[in-house]
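**Q** Sequence:
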Amino acid sequence: MKTTTKFSTLHEATNQFLYSSLSKSLSSASTTKQLHRIHSIIITLGLEKSSFFSGKLISKYAQFKDPKSSFSVFHQVSPTANVYQWNSIIRALTHNGLFTKALGFYGKMRKLDVLPDKCTFPSVINSCAALVDIEMGQVVHENVLKMGLGSDLYIGNALVDMYARFGCMDEALKMFDGMPERDVVSWNSLISGYSANGYWVEALEFYNMSRMEGIMPDSFTVSSVLPACGGLVNVKEGELLHCLVEKIGLHSDVVVSNGLLSMYFKFNRLVEARRIFDEMVIRDTVSWNTLICGYSQMELFKESIELFMLMVNRFKPDLLTITSVLRACGHLRDLEFGKFVHEYMKKGGFQSDVTADNILIDMYAKCDDLLASREVFDRMMCKDSVSWNSMINCYIQHLNYDEVLKLAMIMKVDMKVDSVTCVMLLSVSTQLADKELGKEIHCDIIKLGFDSDVIVNNSMVDMYAKCGLIKDSLKVFENMKTHDRVTWNTIVAACVQSGDFTLGLRMINQMRTEGVMPDAATVLGILPMCSFFASKRQGKEIHGCIFRFDVPTGNAVIEMYSKCGSLKNSIQVFDRMKVRDVVTWTAMISAYGMYGEGGKALRAFEDMKATGVVPDHVTFVAIIYACSHSGLVEEGLACFDQMQKDYNLEPRNEHYACVVDLLSRSGLITKAEDFINSMPLKPDASIWGSLLSACRSSGNILVAERVAERILEQKSNDTGYYVLASNVYAILGKWDQVRMIRKSIRARGLKKDPGCSWIEIKRRLYVFGTGDKFFEQFEEVNKLLGIISGLMAKEGYVADLRYVLHDVEEDEKRDMLCVHSERLAIAFGLLNTELGTPLQIMKNLRVCGDCHTVTKYRSMIMQREILVRDANRFHLFKDGTCSCGDHW
DNA sequence: CTAGGGTTAG
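Every letter in the first sequence is one number past the one before it in full-length UniProt numbering, and letter 284, counting from 1, is 284.
No lab work stands behind these hints, which were simulated from the structure alone. Note that beta-carbon positions come from the ideal geometry of N, C-alpha and C, so glycine has one too. Misleading hints may appear alongside valid ones.
[What the hints assert, rightly or not] Cross-link-like lysine-lysine pairs, in silico, PhoX-like; alpha carbons within 20 Å at most:
#1 Lys435 with Lys383
#2 Lys439 with Lys475
#3 Lys481 with Lys435
#4 Lys783 with Lys773
#5 Lys68 with Lys33
[As the list claims (entries may be wrong)] Here are the simulated distance ranges between beta carbons:
#6 Leu405 with Gly699: 57 to 63 Å
#7 Asp378 with Arg37: 51 to 57 Å
#8 Met517 with Glu205: 20 to 26 Å
#9 Gly97 with Asp369: 32 to 38 Å
#10 Asp378 with Asn653: 43 to 49 Å
#11 Gln297 with Gly249: 26 to 32 Å
#12 Thr513 with Arg706: 51 to 57 Å
#13 Arg706 with Met517: 15 to 21 Å
#14 Thr513 with Gly449: 29 to 35 Å
#15 Lys481 with Asp718: 36 to 42 Å
#16 Met517 with Glu440: 33 to 39 Å
#17 Leu405 with Gly771: 44 to 50 Å
#18 Ala610 with Thr482: 47 to 53 Å
#19 Val413 with Gly249: 55 to 61 Å
Let the sequences and hints guide you as you build the complete structure.
**A** In structure tokens:
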């Protein structure tokens with residue numbers, strides 16, 4: 001009996017030894033081969049069905065991504081499986097992404113009346129979360145509560161995570177708040193939930209809260225907070241986190257480093273990002289993808305493709321890499337490489353992926369291979385809204401609107417229309433200026449409930465404005481709950497387009513008070529307003545707010561300054577630009593032109609050609625115009641010649657107009673008329689207009705009358721030409737003709753632009769109309785005008801009454817000249833500024849000859865620099881002369 | 001039980 005006991009003890013001891021060594025080798029098995037060997041030993045010993053080993057085997061196979069083997073082990077014990085075995089198989093399935101199966105097993109287990117324990121739930125909850133099965137999730141949550149496991153830490157963490165993945169952050173927070181015990185995982189689950197759902201502010205807030213509670217962040221915490229810093233462009237917090245990573249030694253964690261990499265790209269800090277990547281000891285596919293994608297986002301497409309080639313040799317790219325590089329191909333319009341990548345996808349056995357196919361559609365469209373786009377689209381097994389939208393976008397880009405509307409119809413029937421579709425369709429109606437289509441889409445938008453989407457609303461504001469329905473545009477604008485930068489840019493452009501500059505200026509001011517930062521588009525939008533009001537201050541303030549300074553922005557700023565009366569600032573911006581395109585050079589040439597610096601314009605033109613930038617037809621308008629305003633006839637004609645001979649550009653009406661201007665301004669009226677008669681195009685009103693205004697200034701009345709007749713034949717809608725013609729008849733004293741023209745203007749429903757001038761003093765704009773009597777300091781201004789008149793007479797000034805265009809007595813004519821709006825504005829400026837301060841006046845029409853003379857006198861008598869910008873150009877009056885050299 | 005990288009539009 002004693003020996004038996006001894007034997008039995010020995011047997012047990014042996015067993016125990018066997019058990020523990022088997023268990024140890026099972027746990028430490030690191031290859032499939034080892035695992036299979038240990039498995040067969042377990043079978044030989046008949047231990048396969050033991051609760052302990054079967055469970056371990058199931059888990060171990062799951063670790064080796066072999067759920068089939070896990071399943072076969074479980075299958076042998078399933079009729080009598082206990083809770084431990086059930087837990088193992090559920091966990092194994094969950095870890096291998098077989099969530100539906102895992103939930104199925106949970107159901108079976110409950111049916112068999114096997115009571116789950118606290119180890120069952122985390123996996124089950126995970127599966128619900130992964131499947132976004134909200135209903136099941138709630139059932140499981142109830143089960144947890146019924147079993148009294150509501151305060152379990154692990155289950156609580158899993159539930160917080162589950163609600164976060166459902167996007168229900170309120171529920172997640174409620175769960176978190178109700179937990180009696182919390183650890184770093186609980187905080188991580190909450191923080192990553194906020195971060196993943198784009199609630200970056202909250203993610204940062206809870207992160208800081210966790211730090212206050214003394215929780216030590218780990219790699220999970222950091223990689224959840226980094227995207228929040230990136231998203232908010234919160235550089236300070238991001239750098240703090242980077243320091244923390246270095247301090248607690250998390251930088252060896254790939255996920256953390258990838259997070260840092262991605263964040264620095266979002267900060268646009270390429271050097272820092274590159275350093276992170278280069279210093280990484282271990283890199284994975286995500287690291288490469290983040291790098292390639294980051295270069296792409298910074299528009300360094302060539303480099304992004306080069307990195308892809310570098311990666312291919314070391315790492316197998318995945319679908320995300322492919323999509324990044326395809327995007328780069330699209331931007332570079334590199335069809336050849338695009339096709340290469342497409343082939344690589346086919347050969348590499350990549351499963352068809354909706355996103356990848358969508359980008360292929362877009363890439364081919366950008367490379368102008370519409371058929372290839374359509375082929376990808378037609379072959380797609382399942383298309384999402386993005387696929388449809390991308391295809392529609394292809395047709396929009398290729399102006400095939402019929403096909404766009406066809407696809408849109410199908411989308412409507414299939415209920416696939418989303419906000420992006422609406423925006424694109426709105427852009428179609430904008431491009432076609434089709435109000436009816438626009439209104440129809442507006443109705444659909446309301447029906448579909450997209451009328452609270454900012455981008456959709458912005459598009460509607462734009463659409464109505466461009467269709468000429470400014471009132472509807474403003475209505476949409478006013479009904480919007482939030483206005484972003486684009487909203488403001490759009491509404492400002494809308495105001496400008498409808499001619500309401502005052503409202504436009506008010507909008508800009510409101511935008512600034514609401515703290516919205518301007519961008520390149522803002523500069524482009526306010527350009528016409530700044531030049532209308534010549535508000536250099538407004539322009540400068542906007543300029544100061546620009547932080548991303550690319551070529552188009554620089555071009556816009558050059559143009560803005562030149563139109564606002566600061567050639568100096570234009571030159572400064574031009575000099576600072578490292579990259580200059582045709583537009584940059586052209587802007588600079590026309591700036592010189594406006595200030596009568598023909599010589600400098602010509603030099604810039606030569607410099608431009610020397611740096612290899614090819615002039616286009618706009619450049620030639622600018623350079624001929626510049627010559628014309630400086631009296632450089634020979635040079636201007638040479639440019640006109642060059643344009644056809646050297647650059648093979650067919651002159652358009654505006655070029656002919658420039659040449660006519662060039663000749664006639666220099667008094668070569670007959671030559672100009674001959675030139676018009678010999679041109680191959682039918683001369684339009686602008687060409688006759690150029691000649692006519694020159695006739696007027698040079699006093700060639702005979703030709704003027706002939707030309708006036710030709711202008712009236714054009715039946716233009718621009719009142720300016722009628723006014724010009726009428727002025728000729730006024731000079732000739734043919735008042736009947738004058739009245740006839742005025743009548744016909746009214747009959748055509750046109751209105752003459754009333755002349756006005758304005759000046760900005762101490763951040764306020766003062767506007768003066770011709771003969772205005774109701775403005776501040778009217779008395780003082782009138783008195784000053786009288787005094788200056790007296791002084792001018794002493795210097796030898798005689799009024800040139802030819803510039804009065806009304807049938808009145810001589811004395812009255814003199815008075816009428818005296819109240820031309822620019823004279824009032826100048827006098828007002830003299831009164832309200834310190835002695836010697838330069839004045840800057842703007843005028844909507846061209847300066848009349850008499851005012852030009854008067855201003856020269858004034859600049860001398862009052863010792864002031866006076867800059868006048870009229871409808872055409874700038875005149876800088878100084879010491880009795882004008883920068884235009886009387887070419888205007 | 002918790003983390004990182006991708007597509008269309010104004």
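**Q** Is it true that Thr513 and Arg706 lie within 51 to 57 Å of each other by Cβ?
**A** 56 Å, holds
**Q** Looking only at beta-carbon atoms, does the pair Gly97, Asp369 fall within the given range of 32 to 38 Å?
**A** Given about 37 Å between the Cβ atoms, the range holds.
**Q** Look at the Cβ atoms of Met517 and Glu205 and judge whether their distance stays inside 20 to 26 Å.
**A** 24 Å, holds
**Q** Hey, Lys439 versus Lys475, does the alpha-carbon distance stay inside 20 Å?
**A** 13 Å, holds
**Q** Regarding Leu405 and Gly771, is the given constraint of 44 to 50 Å on their beta-carbon distance met?
**A** This hint is violated: roughly 55 Å between Cβ atoms.
**Q** Given the hint of 36 to 42 Å, check if Lys481 and Asp718 actually sit that far apart at their C-beta atoms.
**A** Roughly 41 Å apart at Cβ, these two residues keep to the hinted range, so it holds.
**Q** Can the suggested window of 29 to 35 Å be confirmed for the beta-carbon pair Thr513 and Gly449?
**A** For Thr513 and Gly449 the Cβ distance comes to about 31 Å; the hint holds.
**Q** Has the hinted range 47 to 53 Å been met by the Cβ atoms of Ala610 and Thr482?
**A** Given range 47 to 53 Å: holds, Cβ gap about 50 Å.
**Q** Could you say whether the range 57 to 63 Å given as a hint is met by the Cβ separation of Leu405 and Gly699?
**A** 59 Å, holds
**Q** Taken at face value, is the distance from the CA of Lys435 to the CA of Lys481 at most 20 Å?
**A** 24 Å, violated
**Q** Within 20 Å, alpha carbon to alpha carbon, are Lys68 and Lys33?
**A** Satisfied, since the Cα-Cα distance of roughly 16 Å is no more than 20 Å.
**Q** Can the suggested window of 15 to 21 Å be confirmed for the beta-carbon pair Arg706 and Met517?
**A** 56 Å, violated
Of the numbered hints listed earlier, those contradicted by the structure are 1, 3, 13 and 17.
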